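Undergrad: Sequence:
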Amino acid sequence: MSKQTFARLPGFRDFPPEDLVFREHILGAWRRVSAKYGFQEYDGPPLEPLDLYVEKSGEEIVGQLYHFQDKGDRNVALRPEMTPSLARILGDRHRSMAKPIRWFSVPQLFRYERQQKGRLREHFQWNVDVIGEEGVGADAEVIAVALDGLRDLGLEQDDVHARVSDRRLLGAVLSAIGVEDTRLPTAFAIIDKIERTPADQSLARLRTEVGLDEAQARSTFELLDQGGLDGVKGGFGHLDAVGAELERMDQYLGSLEAMGLGGFVDFDLRIVRGLAYYTGIVFEIFDRKGELRAICGGGRYDNLLELVGGDPLPAVGFGMGDVVLGELLRDRDLVPPLEPHVDYFIVIIGEEHRELAYAIARTQRDKGVGVQYALREQPVRKQFTAAGNAGAREVIVLGPDEVARGCAVLRDMASGEEREVPLKELQ
RNA sequence: GUGGGUGUAGCUCAGUCGGUUAGAGCGCCGGAUUGUGGUUCCGGAGGUCGCCGGUUCAAUUCCGGUCAUCCACCCCA
Numbered sequence: 012m013s014k015q016t017f018a019r020l021p022g023f024r025d026f027p028p029e030d031l032v033f034r035e036h037i038l039g040a041w042r043r044v045s046a047k048y049g050f051q052e053y054d055g056p057p058l059e060p061l062d063l064y065v066e067k068s069g070e071e072i073v074g075q076l077y078h079f080q081d082k083g084d085r086n087v088a089l090r091p092e093m094t095p096s097l098a099r100i101l102g103d104r105h106r107s108m109a110k111p112i113r114w115f116s117v118p119q120l121f122r123y124e125r126q127q128k129g130r131l132r133e134h135f136q137w138n139v140d141v142i143g144e145e146g147v148g149a150d151a152e153v154i155a156v157a158l159d160g161l162r163d164l165g166l167e168q169d170d171v172h173a174r175v176s177d178r179r180l181l182g183a184v185l186s187a188i189g190v191e192d193t194r195l196p197t198a199f200a201i202i203d204k205i206e207r208t209p210a211d212q213s214l215a216r217l218r219t220e221v222g223l224d225e226a227q228a229r230s231t232f233e234l235l236d237q238g239g240l241d242g243v244k245g246g247f248g249h250l251d252a253v254g255a256e257l258e259r260m261d262q263y264l265g266s267l268e269a270m271g272l273g274g275f276v277d278f279d280l281r282i283v284r285g286l287a288y289y290t291g292i293v294f295e296i297f298d299r300k301g302e303l304r305a306i307c308g309g310g311r312y313d314n315l316l317e318l319v320g321g322d323p324l325p326a327v328g329f330g331m332g333d334v335v336l337g338e339l340l341r342d343r344d345l346v347p348p349l350e351p352h353v354d355y356f357i358v359i360i361g362e363e364h365r366e367l368a369y370a371i372a373r374t375q376r377d378k379g380v381g382v383q384y385a386l387r388e389q390p391v392r393k394q395f396t397a398a399g400n401a402g403a404r405e406v407i408v409l410g411p412d413e414v415a416r417g418c419a420v421l422r423d424m425a426s427g428e429e430r431e432v433p434l435k436e437l438q
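Here the first sequence is numbered in our numbering, starting from 12 and rising by one per residue.
Mixed in with the good hints there might be a few duds.
Stated by the list, open to error - Cut-off 35 Å, straight-line C-alpha distance, at most; resulting in silico cross-link-like pairs (DSBU-like, lysine-lysine):
# : residue 1 : residue 2
1 : 244       : 300
2 : 300       : 128
3 : 378       : 435
4 : 128       : 204
5 : 47        : 378
6 : 435       : 393
These aren't lab readings, by the way, just hints derived from the structure by calculation. Small disclaimer: the values here were computed from a predicted structure and weren't measured.
With the sequences and hints as input, model every part of the structure.
TA: See the structure below:
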């Protein structure tokens, strides 16, 4: 058997204590913030029928999934995302539920893709959704949760920012420029990639694939390149179709301003999001330095639940993964140290006192107090070293002299101060 | 899936222009007379130099493959 046989699968992580502490630090913040906004946690199975995902995303998704046939010849997949499961769980249950529904989840998700920085084959993802509310208030609420999640971890306006747009607004603007409705999806796809594509190539595609002439393509590109809300207002605000969409965006941005989150948010018409199912306001959160891939992405998907077999329900939500976020936190030194801690470490001087130590430990542990001691006879010096390693707040020294008097020495490990206490206070 | 970089101790890295017993720091274990930790001093364990093959008298070093990892593309959670 070679060592390789038992190596981790590529893209999967072990979590030794120092890493698990970090993971729980992140997941803890997510849960804490979710609760502050009144969201309730749900979960589903990590293994699902393959069709659950094919249905929504088509056959090509299969190549990116961890999937196989189980012993009952069922085609199954490790869940790559949570939304289809959410749709099923809501099923007809939602009919008896008060709207809007505020649910969140922290599933481990899987994807069969080549790993690289910020992208593994497995990650934990914070999913927050508001279901059953089509008003812009739900959109604002959801992005506010995402930003507060990051703030809870110590990230501020200097570290991260959200770029927001609205597909309905972009659609109205493109229509005003002269893009036919049937070409809108193509135009969205080009705009989605416009930042990672050479300018002349984007311009060429706008002409050949979207059907714009030279001047239209150029002005479209410039509008997007500036990306600002003022440019849209100045150029198209007078049109009714665009004006209605602008009004919603103003309300959205105004809400976030009122929530004290305005400094995190930038309007940017280039944010489209790759997934086809978004229908309204969309956003992505990035590190300010622009060194990492998106930390979080989300938006409104009013047709999705219906698409995966549920009832038609307006919905808005986001997903935030622990991998990119973890990298950003490490980069900003926002990683909590692994600090073992027990309340007491009992130093036993003379093995005849070991059972006394056990009795004290029993009493204290039953009270909820943490106690540790050396598991075999050791020099006192060793025991103190171990107490230090264990993160003991205080050491209880059971020495022959004090025990004979019915006492023990309590040493405060931080200050070094020592005092005597009667044994009966400890037992 | 495609192209490229990297691979020496648990970690961070030296080093070998091909040559006999491969090093450091940190960490870990033990010791400095079973009554006091974080400092210090002494000692020790731990590497088939990622794996397989080729060239060679000789490979950790050169070459090929493979695996892992990183970067870009693809794709997006």
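Undergrad: Please verify whether residue 128 and residue 204 have alpha carbons no more than 35 Å apart.
TA: Since the Cα atoms of residue 128 and residue 204 sit roughly 20 Å apart, the hinted pair holds (cutoff 35 Å).
Undergrad: For the pair supplied as a hint, residue 244 and residue 300, is the alpha-carbon distance within the 35 Å limit?
TA: holds (28 Å)
Undergrad: Is residue 435 within 35 Å of residue 393, Cα to Cα?
TA: Given pair residue 435, residue 393 holds - Cα atoms ~27 Å apart, limit 35 Å.
Undergrad: Just to be careful, I want the Cα atoms of residue 47 and residue 378 compared with a cutoff of 35 Å; is the pair within it?
TA: Holds. Residue 47 to residue 378 sits at ~31 Å (cutoff 35 Å).
Undergrad: Would you mind confirming whether the straight-line C-alpha gap from residue 300 to residue 128 stays at or under 35 Å?
TA: Cα-Cα ~16 Å, so holds.
Undergrad: Check the hint pairing residue 378 with residue 435 against an upper bound of 35 Å on the C-alpha distance.
TA: Since the Cα atoms of residue 378 and residue 435 sit roughly 15 Å apart, the hinted pair holds (cutoff 35 Å).
In summary, the structure agrees with every hint in the numbered list given earlier.
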